[in-house]
Amino acid sequence: MVRMNSFDAPARMPRLAYVYHPLSFAPLSIRDAAAGVCELVWIVDTSDPDAASMQRLLRRLGTVIDANGRSVGEVASEVRTLGVDGVVSLHDADLVWTARLAEALDLPFHSVDTAVKLTDKHAQRSAFAAAGLIVPQFRVIPPDAEATEVTRAGTGFAYPAVLKPREGQSSRDTLPIASLQELEATVAELRSRQEPREEFILESFVPDPSSPLGGEGFAPFVSVESVVEHGRVTHAAISSRTPFRWPFRETGYCTPTAIEPDLQREILRVAGVAARALGITIGCLHTEIKLTDEGPVVIEVNGRPGGGMSEMLERATGGFSILRTALRLAVGDPVELDGPVPTDRIGYLLYVFPATDVEWIDTVDGLSDLSAVNGVDEIVLVRGPGQHIDWREGSEAHVFHMTGTVGDFDELRDLIASTTTLVHIHGHDGDEQSSPQLTETQD
Amino acid sequence: MPSTTDTIREVLNDVARLTADATTFGENDDLYQRGLTSHATVNVLMGIEDAFDIELPDTLLRRDTFSSIAALRDAVLSCGVEETA
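As they're listed, the protein sequences go chains A and B.
Under numbering that gives the first Met the number 0, the first residue of the first sequence is numbered 0, with each subsequent residue one higher.
Under numbering that gives the first Met the number 0, the first residue of the second sequence is numbered 0, with each subsequent residue one higher.
Check before you lean on any hint, since a few could be wrong.
What the hints assert, rightly or not - Simulated restraints, written as ranges between beta carbons of each label pair:
hint : chain 1 : residue 1 : chain 2 : residue 2 : range
1    : A       : SER76     : B       : ARG16     : 35 to 45 Å
2    : B       : SER37     : A       : PRO195    : 22 to 32 Å
3    : B       : ARG16     : A       : GLN54     : 12 to 22 Å
4    : A       : ALA51     : B       : ASP52     : 17 to 27 Å
5    : A       : ASP376    : B       : GLU26     : 20 to 30 Å
6    : A       : ALA122    : B       : GLU26     : 45 to 55 Å
7    : A       : ILE133    : B       : GLY25     : 48 to 58 Å
8    : B       : ASP73     : A       : ASP207    : 48 to 58 Å
9    : B       : GLU26     : A       : GLU259    : 47 to 57 Å
Stated by the list, open to error - Over the 10 Å line for every Cβ pair with chain A, so calculated as not near, a few chain B residues:
hint : residue
10   : SER2
11   : THR3
12   : THR4
13   : ASP5
14   : GLU9
15   : ASN12
16   : TYR31
17   : ALA50
18   : ALA69
19   : ALA70
20   : ASP73
21   : ALA84
No lab work stands behind these hints, which were simulated from the structure alone.
Using N, Cα and C, we set each Cβ at its ideal position, and we do this for glycine too.
Whole structure, please, built from the sequences with the hints as guidance.
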């Protein structure tokens, strides 16, 4: 065999236990972000086949510890023998487990209580309310709720409302609810295709502002990437959001934002209050905020960088990596961020969807033409010909996404228009084999 | 004996979960636009290493290496594999 690999990390590099999940950052991105920062010890639960299939690569990038079937204490014992300096997870579903691991190792991470608040929407909203933030009315619908209990939860509620999983991301199964009757019917429909049943949150719809606070052509919605170091909250960036697709699917981000400076300051202030309300003392956060006439309303705080944000921010700023920042924080390397990172260009990440009724993709034409447009760095086809797609999956169920940078917001608006003038997506509903309807891109 | 490029196409068909038959792709077609994901990239890496009995160096473990059949062929040849037509 021809061997040309060499992984020789510097001897005194800090060592980081990275709790790996295949739905979070890719191993090679983590490897690149860790260069010069830390050695990696991968903690992998190989009961997940997608994680197990990564082991061979991960072993080339560091030490691998298998958490499959083992208690937190057992994993901690093995991690301890490796002299690890920090621990981190950047995946929502692993935050609580990782907080327990950090506690067992006496290493800085979110406390277990904070990790619960970062992943449980009900606990998070309660913390916001206690901190005096504007919080929409909300109620919990337990997984075992019978029809009468659903009716009781929805009676006297301030509609219109939004129904969403208590623990979920990317707008999966997030649905608008106009009335008690619609709530009853929707929960029944969701239950009919769920096993095991999920717990849901019913919350009042946060009203849109009376003027375009997000900027012309953008949603009244922003994301904030924050850095928390020794309890001090600073903010790396605000991202504007492109208009959502029905019902609440994210269609894209760009940074910097088109929002006027006074409102930006208020957004950052509110993001800081939210982080402190959850007791966060370390880590990178991705906070989603809706802009209203009454002021910015925090929709949720995520205890990790936003999906796709790291590359977008790196492009816009000419090198600032939020992923690298998260790793540095975890091993105690001083970051000392001093406010939003200056940008050279507008970085963007756009998701493109088929019509809502499309369940199977037939053709996707024009991606090569789109890739030739100025400002397009990369296009990734996610659901191609022959593949199933379902709007209920939320933002993950897009046909392709694209990233790059542009010089101004007009250029970005033109680029967004090109995703439908240059690219044509056809698909059909119903069975995989039949194609009773061909449907164009737009709803 | 299959050519280097044919072997790469076979690996892509076996493990890359692309949206079409890789034998129909041009050598410079962007594989990410053909449905290659970050996760599947690792499968391709392993498939290529097994098929050619090589181990790609860390310097080649980057996104560009997997962007096209031509880029994969260059990576394989850089590991000392002799090209077969």
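Evaluation of the provided hints:
1. Range check, SER76 (chain A) to ARG16 (chain B): Cβ separation about 38 Å, and the 35 to 45 Å hint holds.
2. In this structure the hint that SER37 (chain B) and PRO195 (chain A) lie 22 to 32 Å apart at CB holds, the actual value being about 29 Å.
3. Between ARG16 (chain B) and GLN54 (chain A) the C-beta distance comes to about 19 Å, which sits within the given range of 12 to 22 Å.
4. In this structure the supplied range 17 to 27 Å holds for ALA51 (chain A) paired with ASP52 (chain B), their Cβ-Cβ distance being about 23 Å.
5. Range check, ASP376 (chain A) to GLU26 (chain B): about 22 Å between beta-carbon atoms, so the 20 to 30 Å window is met.
6. At roughly 53 Å, the beta carbons of ALA122 (chain A) and GLU26 (chain B) sit within the given window of 45 to 55 Å.
7. Between ILE133 (chain A) and GLY25 (chain B) the beta carbons are some 54 Å apart, a value that agrees with the proposed interval 48 to 58 Å.
8. At about 51 Å, the beta-carbon gap between ASP73 (chain B) and ASP207 (chain A) stays in the expected band of 48 to 58 Å.
9. The supplied range of 47 to 57 Å is met by GLU26 (chain B) and GLU259 (chain A), whose beta-carbon atoms lie about 50 Å from each other.
10. Against chain A, the non-interface label of SER2 (chain B) holds: every CB pair exceeds 10 Å, the least being about 19 Å.
11. Here THR3 (chain B) stays apart from chain A, with its beta-carbon at least about 14 Å from theirs, past the 10 Å limit.
12. The beta carbon of THR4 (chain B) sits about 19 Å from the closest Cβ of chain A, which is more than 10 Å, so the claim that it is off the interface holds.
13. Even its closest Cβ contact with chain A, about 20 Å, leaves ASP5 (chain B) beyond 10 Å, as expected for a residue assigned away from the interface.
14. For GLU9 (chain B), the shortest C-beta to C-beta distance to chain A comes to about 19 Å, beyond the 10 Å cut-off, and the non-interface label holds.
15. Separation of ASN12 (chain B) from chain A is adequate, the least Cβ-Cβ distance of about 14 Å exceeding the 10 Å criterion.
16. Its beta-carbon lying about 5 Å from the closest one in chain A, TYR31 (chain B) breaks the requirement of being farther than 10 Å from that chain.
17. Distance to chain A confirms ALA50 (chain B) as a non-interface residue, since its nearest Cβ pair spans about 12 Å, more than 10 Å.
18. The claim that ALA69 (chain B) lies off the interface holds: its Cβ sits roughly 16 Å from the closest Cβ of chain A, which is beyond the 10 Å cut-off.
19. Every Cβ of chain A is farther than 10 Å from the Cβ of ALA70 (chain B); the closest lies at roughly 14 Å, confirming the non-interface assignment.
20. With a closest Cβ-Cβ approach of about 14 Å to chain A, ASP73 (chain B) is found to remain outside the 10 Å limit, as its non-interface label requires.
21. The beta carbon of ALA84 (chain B) sits about 20 Å from the closest Cβ of chain A, which is more than 10 Å, so the claim that it is off the interface holds.
When the structure is compared with the earlier hints, a violation turns up for hint 16 alone.
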